[in-house]
Amino acid sequence: MLRLENCLIENSGFALRADLTITRGSRVAVIGPSGAGKSTLIETLAGFRPLTNGAIRWNGSDLEGVEPGKRPVAMLFQDGNLFPHLTVGQNVALGIHANLRLDQSQQAQVQAALVRVGLDSMADRKPAALSGGQQSRVALARVLVQGRDLLLLDEPFAALGPALKVEMLDLVAELVEETGATLLMVSHDPSDARRIADQVVLVADGCVHAPQPTAPLLDNPPPALKAYLG
Amino acid sequence: MADCAQPVSPRPGIGAAALVVALIFGTLTAVALRAEVGRGFGASDWAAVRFTLTQACLSAVLSVGLAIPVARALARRRFFGRRILITLLGAPFILPVIVAILGLLQVFGRAGWISSGLALLGLEPVQIYGLHGVVLAHVFFNLPLATRLILQGWQEIPAERFRLAAQLGADSRAMWQLLERPMLIRIVPGALAVVFAICLSSFAVALTLGGGPRATTIELAIYQAFRFDFDLGRAALLSALQLVLTGTAALVALRVAVGEGFGTGLDRALRRWDGTRPIARLLDGMWIATAAVFLMLPLGAIVLSGLPGLTGLPASVWAAALNSVLVAALSTVLLLLLALPMATAVALGRGGAIELAGILGLAASPLVIGTGLFIVIYPIADPFALALPVTALVNAVMALPFALRILVPRAQVVVGRYGRLALSLDMRGWPFVWRVLLPRMRPQIGFAAGLAAALSMGDLGVIALFADPEFATLPLQIYRLMGAYRMEAAAAAALVLLALSMAAFWILDRGGRWHAEA
Numbered sequence: 001m002l003r004l005e006n007c008l009i010e011n012s013g014f015a016l017r018a019d020l021t022i023t024r025g026s027r028v029a030v031i032g033p034s035g036a037g038k039s040t041l042i043e044t045l046a047g048f049r050p051l052t053n054g055a056i057r058w059n060g061s062d063l064e065g066v067e068p069g070k071r072p073v074a075m076l077f078q079d080g081n082l083f084p085h086l087t088v089g090q091n092v093a094l095g096i097h098a099n100l101r102l103d104q105s106q107q108a109q110v111q112a113a114l115v116r117v118g119l120d121s122m123a124d125r126k127p128a129a130l131s132g133g134q135q136s137r138v139a140l141a142r143v144l145v146q147g148r149d150l151l152l153l154d155e156p157f158a159a160l161g162p163a164l165k166v167e168m169l170d171l172v173a174e175l176v177e178e179t180g181a182t183l184l185m186v187s188h189d190p191s192d193a194r195r196i197a198d199q200v201v202l203v204a205d206g207c208v209h210a211p212q213p214t215a216p217l218l219d220n221p222p223p224a225l226k227a228y229l230g
Numbered sequence: 001m002a003d004c005a006q007p008v009s010p011r012p013g014i015g016a017a018a019l020v021v022a023l024i025f026g027t028l029t030a031v032a033l034r035a036e037v038g039r040g041f042g043a044s045d046w047a048a049v050r051f052t053l054t055q056a057c058l059s060a061v062l063s064v065g066l067a068i069p070v071a072r073a074l075a076r077r078r079f080f081g082r083r084i085l086i087t088l089l090g091a092p093f094i095l096p097v098i099v100a101i102l103g104l105l106q107v108f109g110r111a112g113w114i115s116s117g118l119a120l121l122g123l124e125p126v127q128i129y130g131l132h133g134v135v136l137a138h139v140f141f142n143l144p145l146a147t148r149l150i151l152q153g154w155q156e157i158p159a160e161r162f163r164l165a166a167q168l169g170a171d172s173r174a175m176w177q178l179l180e181r182p183m184l185i186r187i188v189p190g191a192l193a194v195v196f197a198i199c200l201s202s203f204a205v206a207l208t209l210g211g212g213p214r215a216t217t218i219e220l221a222i223y224q225a226f227r228f229d230f231d232l233g234r235a236a237l238l239s240a241l242q243l244v245l246t247g248t249a250a251l252v253a254l255r256v257a258v259g260e261g262f263g264t265g266l267d268r269a270l271r272r273w274d275g276t277r278p279i280a281r282l283l284d285g286m287w288i289a290t291a292a293v294f295l296m297l298p299l300g301a302i303v304l305s306g307l308p309g310l311t312g313l314p315a316s317v318w319a320a321a322l323n324s325v326l327v328a329a330l331s332t333v334l335l336l337l338l339a340l341p342m343a344t345a346v347a348l349g350r351g352g353a354i355e356l357a358g359i360l361g362l363a364a365s366p367l368v369i370g371t372g373l374f375i376v377i378y379p380i381a382d383p384f385a386l387a388l389p390v391t392a393l394v395n396a397v398m399a400l401p402f403a404l405r406i407l408v409p410r411a412q413v414v415v416g417r418y419g420r421l422a423l424s425l426d427m428r429g430w431p432f433v434w435r436v437l438l439p440r441m442r443p444q445i446g447f448a449a450g451l452a453a454a455l456s457m458g459d460l461g462v463i464a465l466f467a468d469p470e471f472a473t474l475p476l477q478i479y480r481l482m483g484a485y486r487m488e489a490a491a492a493a494a495l496v497l498l499a500l501s502m503a504a505f506w507i508l509d510r511g512g513r514w515h516a517e518a
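In order, the protein sequence lines correspond to chains A and B.
Just so we're aligned: 114 in my numbering is position 114 of the first sequence, and the numbers increase by one with no gaps anywhere.
Just so we're aligned: 371 in my numbering is position 371 of the second sequence, and the numbers increase by one with no gaps anywhere.
Hints are computed from structural coordinates only; laboratory data are not their basis.
Do not rely on the hints blindly, as some may be mistaken.
What the hints assert, rightly or not - Far from chain A, by Cβ distances over 12 Å, these chain B residues were calculated:
1) G130
2) P431
3) R442
As the list claims (entries may be wrong) - Using C-beta positions, here's what the derived DEER-type ranges look like:
4) A:A128 x B:P278: 48 to 54 Å
5) B:R513 x A:D62: 43 to 49 Å
6) A:S121 x B:R510: 42 to 48 Å
7) A:D62 x B:R510: 22 to 28 Å
8) B:D171 x A:F14: 50 to 56 Å
The beta carbon of each residue, even a glycine, is placed where N, CA and C say it ideally should be.
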């Protein structure tokens, strides 16, 4: 269970409040107007921004002061999710050990993750030799081997075409289903939310609203969401 | 705090910066403590100050004044070899001073090509020693730099402005008033200040082409006070004066200068619609040709006059060449050990003080540091035995400002782009440095190392203070051969030095870019 208790996040004159609970294993879309603080929220959960006030707890333990790499979090950014000078295999292996010294079972784990995303023949290539969709698959393979409880997506598929984006979202849905991870994904497209999220968190007017079931919320939006959806 | 989380620590960089500051101010203090109170400056000291300022002013005005028409011609003409010519304009930066001087002597000297031509007509040979020789050499070195700085200004005028001006029917004169004059007013003061600051601390040029009471720079006076009179007090006094002058000039240059003249993209040709009249074409062509000949002729002269002597080079030259390679290698390693942590620390947001420490190298004079190190080392060890490491260290500090300008922007990009990804993967410290920072910065590291190696290879500065008769680097050995009037051997040795400098730069720069992914 992810708990945000009376959280206040401040970022150069901009304040965001959050007080909500997200149950374990849920798939949550974070939507709202641009500039409302969706990315700020995700970055704070990942440990890149400090809380001014309040606490973030995962299964009861406070994450305050825990470094980004030590949190139960795997995160994909908008871009730059792969190191271009490392091979596909090395990029995935980073999810297990940052110094890339892997034993045999760990190497098998990397290989299995690549098989799962359908890139087992590409392990020795550099990211530049891959298509955009394949690069996203590599990043997802790394998320698999990281084996963290929380998966945070800050619109990593925004640069992909519509069909490819849908393909990636479906893969994400399958992966969190298989691993039992809790998913939070930023999106500005309500159809993304309908496709894979069972709940929606609305970020608007300096406030992160509590999660609500996707379909009823989008079918019958409150004023703040309606203003955004148009 | 979480927002301060970084994949590497800035501490090594802060340490390196502290080391540089300690070296520069420590040596200065050592020198200052030896300066005798109440002795003041003599007439010859004031003459050195006057000469230093005069030659720096003349060099700056001539270099920049000539660079304006050359840059303008290069900016608006496209021709075969333009790209190569613009690349060559960057070469004097790593060209050993002593090599260029030998080349200039070959062309402009008493027994040079021009004098020989004049003699055929029954005229007196031209005189290269003294003020005009020093200025000539400085213009040779700084005309290309000024041209690149000003060309950069031209290239930064958006192409749309030229299109708009052409659409409005602006002729060359209107174009000048609308676009070019405002740009020059912005760029020229910086270019003047940079060239002035560079020429202030000129040592090797003054040592070879100047000298005597009427053509001695402060740096040269420090050297003479130290080497000939062993008058540490006077050397110290002159050192302090030199530091104030160069420090002031460097600060002014940094404040008004825009760009550093070795940026990329200068070979981009701008489409223009003015200056199509034959007379404009002719004038532009003339400027480009004159500048190209002025820059290429001395280098060609070195190759031509050096080749015959190559086979019979004395063993001392090869020994000196080996010393130079060792100095350059050590200096490059020291430079990277200082510059990489400093660039990383700046990229982590610890800018200010560290960048200032890096820039100190521009203001500090190598001879002041050298004198200070000598004073510090003298009671403990034999300074002459330490000539090699001391030269390498001083060269590294001198190359530091340039290296930081190359490394810092890239380090900022790498940390900005991959810092958070690395943190989210719990990749910190050495794994981040080895797996991300160094591989991603390799092209810039290669470029900076190439510059440092070439600068150190060709440096004739602090080594002149520290060398005993048995020990020399190649530039010093060339100077000694010149002093002994063995010009053919000197020219051949200069050719070797030229090849070594260019090879060192080429290998390191190429090595950095080899198989580097975008």
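Checked against the structure, which of the hints given earlier come out wrong? When the structure is compared with the hints, numbers 2, 3, 6, 7 turn out to be violated.
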